[in-house]
Amino acid sequence: MSESILETRGLSKAFGGLIAVDKVDMAVETGKITAIIGPNGAGKTTLFNLITGVYPASSGDIFFQGKPLKKEHAHTRATLGIARTFQNVLLFGNMTVLENIMTGQHPRSRYGFLESAFRLPKAHREEETISLNAMKYLNLVGLGMHAEQNALSLPLGQQKLLAIARALATEPKLVLLDEPGAGLNILEKRELSDLIHRIRDMGISVILVEHDMPLVMGIAEWVIVLDTGKKIAEGTAAQIQKDPKVIAAYLGEDED
Amino acid sequence: MLERVKRKWYYSVIVSLLVLLIVIPFDWFPGHYTTIMVLIGINTMVTVGLCLLLGYTGQVSLGHAAFYGIGAYFSAVLSKTYHLNPWLAMLIAAIATGAFAYVIGYPIFRLKGNYLAVATLALGVIVYILFGKLAPGGPDGIAGIPNLSIGGFAFDTWFKRYFLVWGFCLVVLLISQNIVNSRSGRALRAIHGSEAAAESIGINVDRFKVKIFVLSCVYASLAGSLLAHSMAHISPSSFDPMVSVIVVVMAVMGGLASIWGAVFGAGIVVMLKHELLLGFGELEIIIYGLILMLVMIFMPEGLFVWLKSSYVKLKELYIRWRLGQIRRGAET
Amino acid sequence: MSADQFVQYFISGLTMGSIYAIVGLGFTIIYAVTRIINFAQGEFVMLGGMLSFYLIKSAGIPLAPALILSVLITVVIGAIMYLLAIRTARHASVVSLIIITIGAAVFFRGIAGEIFPWGVDIVRPPYFTGSQSIAFLGAYVHPQAFWIIGTTVVVMILLHLFLTYTMVGKALKACAISPVSASMVGINPRTMALIAFTLAAALGGISGVVMAPLTLMSYSSGFMLGLKGFVAASIGGFKSPVATVIGGFTLGIVESLAVGIDWGPFTSAYKDVIAMTVLLLILLIRSGRLAEEERMS
Numbered sequence: 001m002s003e004s005i006l007e008t009r010g011l012s013k014a015f016g017g018l019i020a021v022d023k024v025d026m027a028v029e030t031g032k033i034t035a036i037i038g039p040n041g042a043g044k045t046t047l048f049n050l051i052t053g054v055y056p057a058s059s060g061d062i063f064f065q066g067k068p069l070k071k072e073h074a075h076t077r078a079t080l081g082i083a084r085t086f087q088n089v090l091l092f093g094n095m096t097v098l099e100n101i102m103t104g105q106h107p108r109s110r111y112g113f114l115e116s117a118f119r120l121p122k123a124h125r126e127e128e129t130i131s132l133n134a135m136k137y138l139n140l141v142g143l144g145m146h147a148e149q150n151a152l153s154l155p156l157g158q159q160k161l162l163a164i165a166r167a168l169a170t171e172p173k174l175v176l177l178d179e180p181g182a183g184l185n186i187l188e189k190r191e192l193s194d195l196i197h198r199i200r201d202m203g204i205s206v207i208l209v210e211h212d213m214p215l216v217m218g219i220a221e222w223v224i225v226l227d228t229g230k231k232i233a234e235g236t237a238a239q240i241q242k243d244p245k246v247i248a249a250y251l252g253e254d255e256d
Numbered sequence: 257m258l259e260r261v262k263r264k265w266y267y268s269v270i271v272s273l274l275v276l277l278i279v280i281p282f283d284w285f286p287g288h289y290t291t292i293m294v295l296i297g298i299n300t301m302v303t304v305g306l307c308l309l310l311g312y313t314g315q316v317s318l319g320h321a322a323f324y325g326i327g328a329y330f331s332a333v334l335s336k337t338y339h340l341n342p343w344l345a346m347l348i349a350a351i352a353t354g355a356f357a358y359v360i361g362y363p364i365f366r367l368k369g370n371y372l373a374v375a376t377l378a379l380g381v382i383v384y385i386l387f388g389k390l391a392p393g394g395p396d397g398i399a400g401i402p403n404l405s406i407g408g409f410a411f412d413t414w415f416k417r418y419f420l421v422w423g424f425c426l427v428v429l430l431i432s433q434n435i436v437n438s439r440s441g442r443a444l445r446a447i448h449g450s451e452a453a454a455e456s457i458g459i460n461v462d463r464f465k466v467k468i469f470v471l472s473c474v475y476a477s478l479a480g481s482l483l484a485h486s487m488a489h490i491s492p493s494s495f496d497p498m499v500s501v502i503v504v505v506m507a508v509m510g511g512l513a514s515i516w517g518a519v520f521g522a523g524i525v526v527m528l529k530h531e532l533l534l535g536f537g538e539l540e541i542i543i544y545g546l547i548l549m550l551v552m553i554f555m556p557e558g559l560f561v562w563l564k565s566s567y568v569k570l571k572e573l574y575i576r577w578r579l580g581q582i583r584r585g586a587e588t
Numbered sequence: 589m590s591a592d593q594f595v596q597y598f599i600s601g602l603t604m605g606s607i608y609a610i611v612g613l614g615f616t617i618i619y620a621v622t623r624i625i626n627f628a629q630g631e632f633v634m635l636g637g638m639l640s641f642y643l644i645k646s647a648g649i650p651l652a653p654a655l656i657l658s659v660l661i662t663v664v665i666g667a668i669m670y671l672l673a674i675r676t677a678r679h680a681s682v683v684s685l686i687i688i689t690i691g692a693a694v695f696f697r698g699i700a701g702e703i704f705p706w707g708v709d710i711v712r713p714p715y716f717t718g719s720q721s722i723a724f725l726g727a728y729v730h731p732q733a734f735w736i737i738g739t740t741v742v743v744m745i746l747l748h749l750f751l752t753y754t755m756v757g758k759a760l761k762a763c764a765i766s767p768v769s770a771s772m773v774g775i776n777p778r779t780m781a782l783i784a785f786t787l788a789a790a791l792g793g794i795s796g797v798v799m800a801p802l803t804l805m806s807y808s809s810g811f812m813l814g815l816k817g818f819v820a821a822s823i824g825g826f827k828s829p830v831a832t833v834i835g836g837f838t839l840g841i842v843e844s845l846a847v848g849i850d851w852g853p854f855t856s857a858y859k860d861v862i863a864m865t866v867l868l869l870i871l872l873i874r875s876g877r878l879a880e881e882e883r884m885s
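Residue numbers (our numbering), protein chains in the order written: chain L, 1 to 256; chain Z, 257 to 588; chain F, 589 to 885.
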């Protein structure tokens with residue numbers, strides 16, 4: 001087995017009395033596409049929020065490339081190389097499409113208030129690189145034509161692509177996609193799985209939370225199943241589809 | 257291409273503003289217009305600071321008069337009572353205000369939205385009361401504050417102060433414009449857009465909030481120092497909580513997220529206050545109240561920005577109408 | 589401080605605390621139902637007090653009807669404020685709503701300074717029942733203080749009954765807990781918001797009317813009273829009316845005792861500084877939880 005980029009040990013999160021994530025042990029392999037699935041309320045998004053540091057874990061540990069992550073702030077984790085998208089997209093509505101991605105370059109650039117205030121050469125140099133890189137990611141997701149548009153003027157499908165581009169612009173080692181397929185049509189979903197493959201081929205490990213089973217089964221190289229905060233199964237797509245525990249967990253609710 | 261067009265527009269604004277500034281104070285304006293222009297410059301500096309904080313970063317401050325006042329009082333006391341060089345006094349005032357803003361910034365920016373608004377308001381009230389109780393001069397304030405001077409050249413007339421103040425003001429405007437269109441500026445706007453998303457791409461939200469708060473307070477402090485050295489007299493009432501509200505009015509008029517809008521907002525409000533509504537008593541604050549409500553309800557992006565976009569829309573309509581005319585002409 | 593003095597300060601603290609409590613209740617009700625901090629809450633108090641003076645002195649209306657009329661006018665102003673300024677800005681951000689209610693506050697203040705014939709002077713409406721102080725536990729208490737405390741108690745009881753036993757009151761509570769579920773069972777959140785603003789204006793008007801004879805009133809009194817009411821509400825955590833009332837009494841008594849102690853140069857004028865410091869401390873101590881709450885909602 002190759003080394004894991006992310007590992008959790010006994011990771012738990014309780015909100016008051018409600019245990020959203022319950023002692024999850026998991027290892028995510030470097031350079032693979034891993035999917036986390038489970039019925040509604042299984043704790044998938046909470047798990048993402050724990051990994052990216054939106055809120056602290058109640059107990060347990062997280063390791064990123066072997067290093068403990070628990071004490072790091074959310075923004076430090078992004079700098080270390082963990083990027084993410086959000087279920088509700090959360091683009092910066094007060095910026096253009098290109099600026100959204102340029103903002104994503106934040107952890108890979110350094111110049112600050114002083115250099116920008118007086119337009120020092122360092123600012124110019126870095127700004128050049130930032131916009132070049134931003135264009136690169138913009139073209140990667142096929143939004144090159146919309147660079148100067150306001151981010152929220154895009155249709156939902158493109159907004160989601162933009163959010164992925166913004167995450168990629170942080171030049172991560174691991175990217176977490178929270179329901180990237182929700183609200184997309186069949187064509188867009190095909191483009192999406194294509195894009196996820198390309199991201200993987202860039203050497204970036206991918207974890208995605210997704211409800212669309214055909215999409216997950218089509219691209220995921222490893223699937224982890226959560227139910228009521230606990231990990232109930234993991235394996236390849238084929239193994240998961242036959243797992244009686246998984247079938248039982250899903251029988252409880254309507255499949256779309 | 258677009259970048260170049262933008263920059264051209266940006267420089268043409270600066271150049272026309274510069275020309276306007278040099279021309280305005282001359283003879284053909286009655287004397288006290290120069291004084292009003294000085295006040296507009298000073299108020300613009302405070303407003304730009306608030307725009308960076310409120311308009312770009314989305315963080316409310318209802319206590320900006322406090323920092324304006326701290327700058328003014330430091331300058332006044334150091335230069336008058338301790339006979340320090342006014343420039344040095346101004347520098348120390350800015351550093352002290354910045355340090356104060358930094359120290360209270362971290363705890364206060366753990367608050368958001370409504371609570372941040374109330375906390376900054378409370379801070380403004382405390383500082384205002386302390387000006388009247390602890391600062392020299394008490395409620396009467398300090399008079400006889402020396403002028404700023406370079407070598408033997410003292411800024412002792414309004415005409416001279418006009419250039420001094422607008423020199424400072426232009427530097428502040430340019431610095432702010434540069435910041436807004438930079439990595440730091442994008443980080444600030446990102447915080448306004450979504451704090452969660454900003455954190456997720458590596459922006460240290462707390463630190464950026466504090467940094468922009470410090471910068472904004474330093475602007476206010478510099479403006480306060482200029483006020484003290486220009487008016488030669490300051491008193492607590494120049495920095496009461498209502499002044500903080502008036503700064504918000506200026507920012508709202510200018511368009512919260514617009515650097516050059518601040519000049520417009522400060523200009524209109526100072527004109528109202530010192531010219532049009534002089535002697536009309538409380539009519540002034542009635543108008544402020546109406547401005548705050550109407551602008552926020554009908555044009556939340558601010559009056560100046562609203563006017564600008566309305567102009568663009570009108571132009572579009574005109575072009576469409578002209579095109580239609582031409583087409584009709586071609587058909588017949 | 590002797591025991592008698594203590595009682596004296598305690599009672600005057602209780603009196604002011606009652607005022608803060610009612611003003612704080614206005615904040616709490618509006619915040620619970622609409623998540624808006626109404627920065628114009630203190631202006632309702634000012635309007636109540638100023639109107640009562642105007643109606644009695646200038647319009648010559650007898651005391652009792654003048655008081656009732658003052659409260660009614662304040663209520664109408666509160667409702668109009670909601671309908672014109674808040675409802676029209678329904679999709680406004682938190683920052684916009686803050687600025688709108690501040691605009692309303694400044695507007696009311698300006699109007700009060702402009703339309704009343706005595707302009708910006710401080711006024712004192714007549715006492716309800718004379719000014720002969722009453723000896724009470726070794727202290728002398730002004731009869732108006734009894735009116736203030738008594739009114740607060742009555743208002744609290746009425747408010748409690750209203751929220752617990754009437755349909756509208758229950759609907760308000762439901763809306764405070766979850767606007768979404770409330771609207772699913774047919775409660776219109778906008779109607780509830782209107783009622784909340786009306787109720788808050790009534791509370792403000794009542795407190796203004798009863799306090800003005802003792803504490804005096806001017807067009808600019810609303811600002812500080814509003815802030816003090818906010819302190820009361822934030823001590824109570826913006827949760828229950830009871831907690832707000834306790835918060836109001838706490839603030840009133842702390843302020844009053846702090847004034848009673850000789851602080852050297854830190855004398856009576858520091859009352860407001862103390863109240864504001866209390867406010868800042870409470871907000872900062874609670875900041876972790878407040879942030880958590882906002883993230884959840």
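By construction, these hints were calculated from the structure, which means they are not laboratory data. Please note: incorrect hints may appear among the correct ones.
As the list claims (entries may be wrong) - List of simulated lysine-lysine pairs, DSSO-like, C-alpha gap at most 27 Å:
{"no.": "1", "chain 1": "L", "residue 1": "LYS245", "chain 2": "L", "residue 2": "LYS230"}
{"no.": "2", "chain 1": "Z", "residue 1": "LYS368", "chain 2": "F", "residue 2": "LYS645"}
{"no.": "3", "chain 1": "F", "residue 1": "LYS859", "chain 2": "Z", "residue 2": "LYS389"}
{"no.": "4", "chain 1": "L", "residue 1": "LYS136", "chain 2": "L", "residue 2": "LYS173"}
{"no.": "5", "chain 1": "L", "residue 1": "LYS70", "chain 2": "Z", "residue 2": "LYS389"}
{"no.": "6", "chain 1": "L", "residue 1": "LYS71", "chain 2": "Z", "residue 2": "LYS389"}
{"no.": "7", "chain 1": "F", "residue 1": "LYS827", "chain 2": "Z", "residue 2": "LYS368"}
{"no.": "8", "chain 1": "L", "residue 1": "LYS136", "chain 2": "L", "residue 2": "LYS71"}
To be verified - With beta-carbon atoms standing in for the labels, derived distance ranges:
{"no.": "9", "chain 1": "F", "residue 1": "ASN776", "chain 2": "Z", "residue 2": "PHE554", "range": "51 to 61 Å"}
{"no.": "10", "chain 1": "F", "residue 1": "ARG877", "chain 2": "L", "residue 2": "LEU152", "range": "47 to 57 Å"}
{"no.": "11", "chain 1": "F", "residue 1": "TRP706", "chain 2": "Z", "residue 2": "ASN403", "range": "35 to 45 Å"}
{"no.": "12", "chain 1": "F", "residue 1": "ARG877", "chain 2": "L", "residue 2": "THR76", "range": "49 to 59 Å"}
{"no.": "13", "chain 1": "L", "residue 1": "LEU152", "chain 2": "F", "residue 2": "ASN776", "range": "52 to 62 Å"}
{"no.": "14", "chain 1": "L", "residue 1": "THR76", "chain 2": "F", "residue 2": "LEU746", "range": "29 to 39 Å"}
{"no.": "15", "chain 1": "L", "residue 1": "ILE232", "chain 2": "Z", "residue 2": "ALA355", "range": "54 to 64 Å"}
{"no.": "16", "chain 1": "L", "residue 1": "THR76", "chain 2": "F", "residue 2": "VAL773", "range": "37 to 47 Å"}
{"no.": "17", "chain 1": "L", "residue 1": "SER58", "chain 2": "F", "residue 2": "LEU749", "range": "22 to 32 Å"}
{"no.": "18", "chain 1": "F", "residue 1": "LEU746", "chain 2": "Z", "residue 2": "ASP396", "range": "26 to 36 Å"}
{"no.": "19", "chain 1": "L", "residue 1": "LYS71", "chain 2": "Z", "residue 2": "LYS571", "range": "22 to 32 Å"}
{"no.": "20", "chain 1": "Z", "residue 1": "GLY394", "chain 2": "F", "residue 2": "PHE594", "range": "24 to 34 Å"}
{"no.": "21", "chain 1": "L", "residue 1": "HIS211", "chain 2": "F", "residue 2": "ARG877", "range": "27 to 37 Å"}
{"no.": "22", "chain 1": "F", "residue 1": "LEU746", "chain 2": "Z", "residue 2": "LYS571", "range": "56 to 66 Å"}
What the hints assert, rightly or not - Chain Z is faced by these chain F residues, among others (derived, beta-carbon under 10 Å):
{"no.": "23", "residue": "ILE710"}
{"no.": "24", "residue": "VAL711"}
{"no.": "25", "residue": "ARG712"}
{"no.": "26", "residue": "PRO714"}
{"no.": "27", "residue": "THR865"}
This structure is a prediction, so every number in the text was calculated from the model and none was measured. We put the beta carbon where it would ideally sit given N, CA and C, even for glycine.
Comparing the hints with the structure gives:
1. Distance check on the hinted pair: LYS245 of chain L and LYS230 of chain L sit about 12 Å apart at the alpha-carbon level, within 27 Å; holds.
2. For the proposed pair LYS368 of chain Z and LYS645 of chain F, the alpha carbon gap of about 45 Å is over 27 Å, so the pair is violated.
3. A hinted pair counts as satisfied when its Cα atoms are at most 27 Å apart, and LYS859 of chain F with LYS389 of chain Z qualifies at roughly 12 Å.
4. Between LYS136 of chain L and LYS173 of chain L, the direct Cα distance comes to roughly 17 Å. Compliance with the 27 Å bound is thereby established for this hinted pair.
5. Between the alpha carbons of LYS70 of chain L and LYS389 of chain Z the distance comes to roughly 49 Å, so the proposed pair goes past 27 Å and is violated.
6. Taking the CA atoms of LYS71 of chain L and LYS389 of chain Z, the gap is near 45 Å; set against the 27 Å cutoff, the hint is violated.
7. For the suggested pair LYS827 of chain F and LYS368 of chain Z, the alpha carbons sit about 18 Å apart, so the restraint of at most 27 Å is met.
8. Between LYS136 of chain L and LYS71 of chain L the CA atoms are separated by roughly 33 Å; this puts the pair beyond 27 Å, and the hint is violated.
9. Taking the beta carbon of each, ASN776 of chain F and PHE554 of chain Z are about 24 Å apart, not inside 51 to 61 Å as hinted.
10. Roughly 32 Å separates the CB atoms of ARG877 of chain F and LEU152 of chain L, a value that falls outside the hinted 47 to 57 Å.
11. Separated by about 41 Å at the C-beta atoms, TRP706 of chain F and ASN403 of chain Z satisfy the suggested range of 35 to 45 Å.
12. For ARG877 of chain F and THR76 of chain L, the hinted distance range of 49 to 59 Å is not satisfied, since their beta carbons lie about 24 Å from each other.
13. Between LEU152 of chain L and ASN776 of chain F the CB atoms are about 29 Å apart, so this pair departs from the stated range of 52 to 62 Å.
14. For THR76 of chain L and LEU746 of chain F, the hinted distance range of 29 to 39 Å is not satisfied, since their beta carbons lie about 54 Å from each other.
15. Roughly 55 Å separates the CB atoms of ILE232 of chain L and ALA355 of chain Z, a value that falls within the hinted 54 to 64 Å.
16. Taking the beta carbon of each, THR76 of chain L and VAL773 of chain F are about 45 Å apart, inside 37 to 47 Å as hinted.
17. Distance hint for SER58 of chain L and LEU749 of chain F: a CB-CB separation of about 42 Å, inconsistent with the stated range 22 to 32 Å.
18. The supplied range of 26 to 36 Å is broken by LEU746 of chain F and ASP396 of chain Z, whose beta-carbon atoms lie about 48 Å from each other.
19. At roughly 55 Å, the beta-carbon separation of LYS71 of chain L and LYS571 of chain Z lies outside the given 22 to 32 Å, and the hint is violated.
20. In this structure the supplied range 24 to 34 Å holds for GLY394 of chain Z paired with PHE594 of chain F, their Cβ-Cβ distance being about 31 Å.
21. Checking the proposed 27 to 37 Å range against HIS211 of chain L and ARG877 of chain F shows it holds: the Cβ atoms sit about 33 Å from each other.
22. Separation of LEU746 of chain F from LYS571 of chain Z is about 59 Å and conforms to the stated range, judged on CB atoms against 56 to 66 Å.
23. A hinted interface residue such as ILE710 of chain F counts as satisfied when its beta carbon comes closer than 10 Å to some beta carbon of chain Z; here the least separation is about 15 Å, so the hint is violated.
24. With its C-beta approaching chain Z no nearer than about 15 Å, VAL711 of chain F sits outside the 10 Å limit, and its interface hint is violated.
25. A least Cβ separation of about 20 Å between ARG712 of chain F and chain Z goes past the 10 Å threshold, and the interface hint is therefore violated.
26. A cut of 10 Å between beta carbons decides the hint on PRO714 of chain F: the least distance to chain Z is about 25 Å, and the hint is violated.
27. The criterion of a C-beta within 10 Å of any C-beta in chain Z is met by THR865 of chain F, whose closest approach is roughly 7 Å, and the hint holds.
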